[in-house]
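Visitor: Spelled out from the first residue to the last, the chains are:
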Amino acid sequence: MRRLLPLLAVLAFASIPLWLKDPYLLNACVTTGIFIIAAMSLNLLLGYTGQLSLGHVAFFGIGAYVSALTSLGFDIELFGGIRVVHEPWPVWIGFVLAVIIAGICGYLVGKLSFRVRGAYFVIVTISFAEVVRLVALNWVELTQGPLALTSIPPFTLGLPGLGYLDLYGKAANFYLVLAIGVVCYVIISRLTRSRVGRAMVALKENESLAVSVGIDVTRYLILAAVTSAAIAGAAGSLYAHYLRIIDPDVFMFLYTVTMVIMVITGGKGTLAGPIVGGLIFGFIPVVARSFASPESQWILYGALMILIVFVLPQGIVPAIERWFGVVDENEGRAKLEPAK
Amino acid sequence: MTISTPAGLAAPKPRVPALSVEHIAVHFGGLVAISDLNFDVNEGEVLSLIGPNGAGKTTAFNIITGFLKPTKGTVRYRGTSLNGLKPHEITGLGLVRTFQRTSVFQTISVFQNVMTGLHRRGRSSLWDTLLALPQERQSEKELRDTAHEILKLVGVEHRAADIAGSLSYGDQRLLGVALALAANPTMLLLDEPVSGMNASETAAFMRVLTKLRGMGVTILLVEHDMPMVMGISDRIVVMNYGRLIADGPPAAIQGNPEVIQAYLGVGAKKRARD
Ligand SMILES: Nc1ncnc2c1ncn2[C@@H]1O[C@H](COP(=O)(O)OP(=O)(O)O)[C@@H](O)[C@H]1O
Ligand SMILES: [Mg+2]
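From first to last, the protein sequence lines stand for chains V and S.
The opening residue of the first sequence carries number 1 in our numbering; numbering runs sequentially from there.
The opening residue of the second sequence carries number 1 in our numbering; numbering runs sequentially from there.
Hints are computed from structural coordinates only; laboratory data are not their basis.
Bear in mind that the values here come from a model prediction, so they are computed numbers and not experimental data.
Each residue gets a CB set at the ideal place from its N, CA and C atoms; glycine is no exception.
Be aware that one or more of the hints could be misleading.
When the alpha-carbon atoms are kept at most 25 Å apart in a straight line, the in silico BS3-like pairs for lysine-lysine are as follows [unchecked claim]:
{"#": "1", "chain 1": "V", "residue 1": "K111", "chain 2": "S", "residue 2": "K69"}
{"#": "2", "chain 1": "S", "residue 1": "K69", "chain 2": "V", "residue 2": "K204"}
{"#": "3", "chain 1": "S", "residue 1": "K72", "chain 2": "V", "residue 2": "K204"}
{"#": "4", "chain 1": "S", "residue 1": "K141", "chain 2": "V", "residue 2": "K111"}
Calculated Cβ distances over 12 Å to all of chain V for the following chain S residues [claimed, not checked]:
{"#": "5", "residue": "T65"}
{"#": "6", "residue": "G79"}
{"#": "7", "residue": "P87"}
{"#": "8", "residue": "H88"}
{"#": "9", "residue": "S103"}
{"#": "10", "residue": "G117"}
{"#": "11", "residue": "N184"}
{"#": "12", "residue": "T210"}
{"#": "13", "residue": "P227"}
{"#": "14", "residue": "Y241"}
{"#": "15", "residue": "I245"}
{"#": "16", "residue": "G248"}
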């Protein structure tokens, strides 16, 4: 059952474009999917190591800009009159660079702030996101600033012998997001259900005790930060090539808040949590649109969040697991195989 | 057995120092927690460090295991200076501690606690994990087997599936020892392991300790339970006001007037006369 559920979920998601033809709703599915990937990445840090990154959108935005600029090319002049010209590269290289550069940023932010953790990490991540947003806004020569980067090429799918297929359509992008999402899920799942994940949970639970059994706490914090940032960068790249236009608003604090809400309501420290939370909060605006004004939509959003957090403080997924008595040994919250 | 036993250290015990605490001093601002501490623990020995509350015993543990840096002095383990090593590196050398306050990973199962403690014994690399290679499965299986053995050894096997925070006080203390054992110690530092335990829990703990000593694990014990200390120690060192005031076998310590004065109190004086 436990093994079957993720497979069934993937099949169910994969069937969506077959029966859902409304472009507005399909668009909502794609963007929700992208945000779910971002929320999954945040969950690795927040749910497993217990570190709250309130600037997580920085990695998302960096991924978006790196990928867009790599595929669009640029021509800028640095200090001292050095001219840097970059010819457009294929989109997939942009995607890879987005992952790598976001990961490097995660490493740097982690190195900077993990000496002193907790509140300090929160502040460093917020500041980092703000700095990156200001760079995107003001380095007009590179980023076009508030004028936005436009005409970003879509992802292409190379078909052997047949040339290339541009992934313009919503359905095509949906499958792309689903595929990347599955890969990210598998990476996070393998990490967290191994001794790496146990080390992360240990340092969240009781750092002195973790250290006393020989866990190199900093190493696992950095590993979590890098992986988390890299996956957020991947989500950002998907976002840029799907919308095909990005401006400094991708660094909005509201996006980080959305990810945090998705993780906490769904259940932090669970694999399914960000997906469940993401589905709920990704589709509220869609559902609410039919009967509520934009202002009251936000009220509904907030009210639902508070309700969930009050009724199910650990989130929806842990509550369901307790209800059905299924618990995952490797997520460390309870039962195990019968003792030998 | 998976608890590693240093080769060739079976009885009779040779007097080879495993741990050397060399003229340690610790100052907290103006407060001198330890003024000058100097003692050895021999391979395979059970050495008790006793002294009244505030004498500096826990501070000494924190220094030895790298949680605090000494103001002066050096600690050596099997010839290696521990100066500048991080606590997890010291654990890697086989020197593992428990905490005076109950310390387990509260919200995860007893079994997962020990699995977490086995961290350094895992043999799979990050790539093995990410790609789910056979090495990963093999290593995890070994760890699970070892976890069961350790739980059996300390006697909390029957609670393996329960959340650690739901265990009785005594079982949590035993789990604390299981966690330390999981880290594969050649020397174990126990900080008041039976304080707060009832008589039967204490007896259970004594049995575990005896097994460990039989396996050749060197033990440094801080404890206030005098019958236990006198019964199990090969040697006792006594601390008061941040320095050592006595060093010797249990019988000598029991009769030492300075120790009786400083620590054991009137009742013990009477016992010592008997
Ligand atoms: N981190 C610290 N900061 C300041 N003073 C401390 C600290 N840790 C211990 N002390 C002081 O050092 C002395 C020795 O404490 P401790 O080592 O805990 O004694 P014991 O374990 O023998 O009861 C006490 O006076 C205690 O208040
Ligand atoms: Mg103490």
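Visitor: Now tell me, hint by hint, if it's right for this structure.
Guide: Outcome of the hint check:
Restraint check for K111(V) and K69(S): the C-alpha separation of about 23 Å stays at or below 25 Å, so the hint holds. With a C-alpha separation of about 24 Å, the suggested pairing of K69(S) with K204(V) holds against the 25 Å cut-off. Only pairs whose Cα atoms come within 25 Å are accepted, and K72(S) paired with K204(V) is rejected, the gap being roughly 33 Å. Of the pairs offered as hints, the one joining K141(S) and K111(V) is violated, with about 33 Å between alpha carbons and a cut-off of 25 Å exceeded.
Distance check on T65(S): its Cβ comes as close as 7 Å (rounded) to a Cβ of chain V, failing to clear the 12 Å threshold; non-interface status is violated. Its beta-carbon lying about 20 Å from the closest one in chain V, G79(S) satisfies the requirement of being farther than 12 Å from that chain. At the 12 Å boundary, the C-beta of P87(S) falls inside the reach of chain V, the nearest C-beta of that chain being 5 Å off. Its closest Cβ contact with chain V, about 5 Å, brings H88(S) to no more than 12 Å, contrary to its assignment away from the interface.
The non-interface label for S103(S) is inconsistent with chain V: the shortest C-beta to C-beta separation is roughly 5 Å, within 12 Å. Separation of G117(S) from chain V is inadequate, the least Cβ-Cβ distance of about 4 Å not exceeding the 12 Å criterion. Not every Cβ of chain V is farther than 12 Å from the Cβ of N184(S); the closest lies at roughly 8 Å, contradicting the non-interface assignment. No Cβ of chain V approaches the Cβ of T210(S) within 12 Å, the least distance being about 23 Å, so the stated non-interface status holds.
Every C-beta of chain V lies more than 12 Å from that of P227(S), the closest at about 28 Å, which supports listing it as non-interface. No beta-carbon of chain V is positioned within 12 Å of the beta-carbon of Y241(S); the least distance is around 26 Å. Every Cβ of chain V is farther than 12 Å from the Cβ of I245(S); the closest lies at roughly 29 Å, confirming the non-interface assignment. With a closest Cβ-Cβ approach of about 30 Å to chain V, G248(S) is found to remain outside the 12 Å limit, as its non-interface label requires.
When held up to the earlier numbered hints, the structure conflicts with 3, 4, 5, 7, 8, 9, 10 and 11 and fits the remainder.
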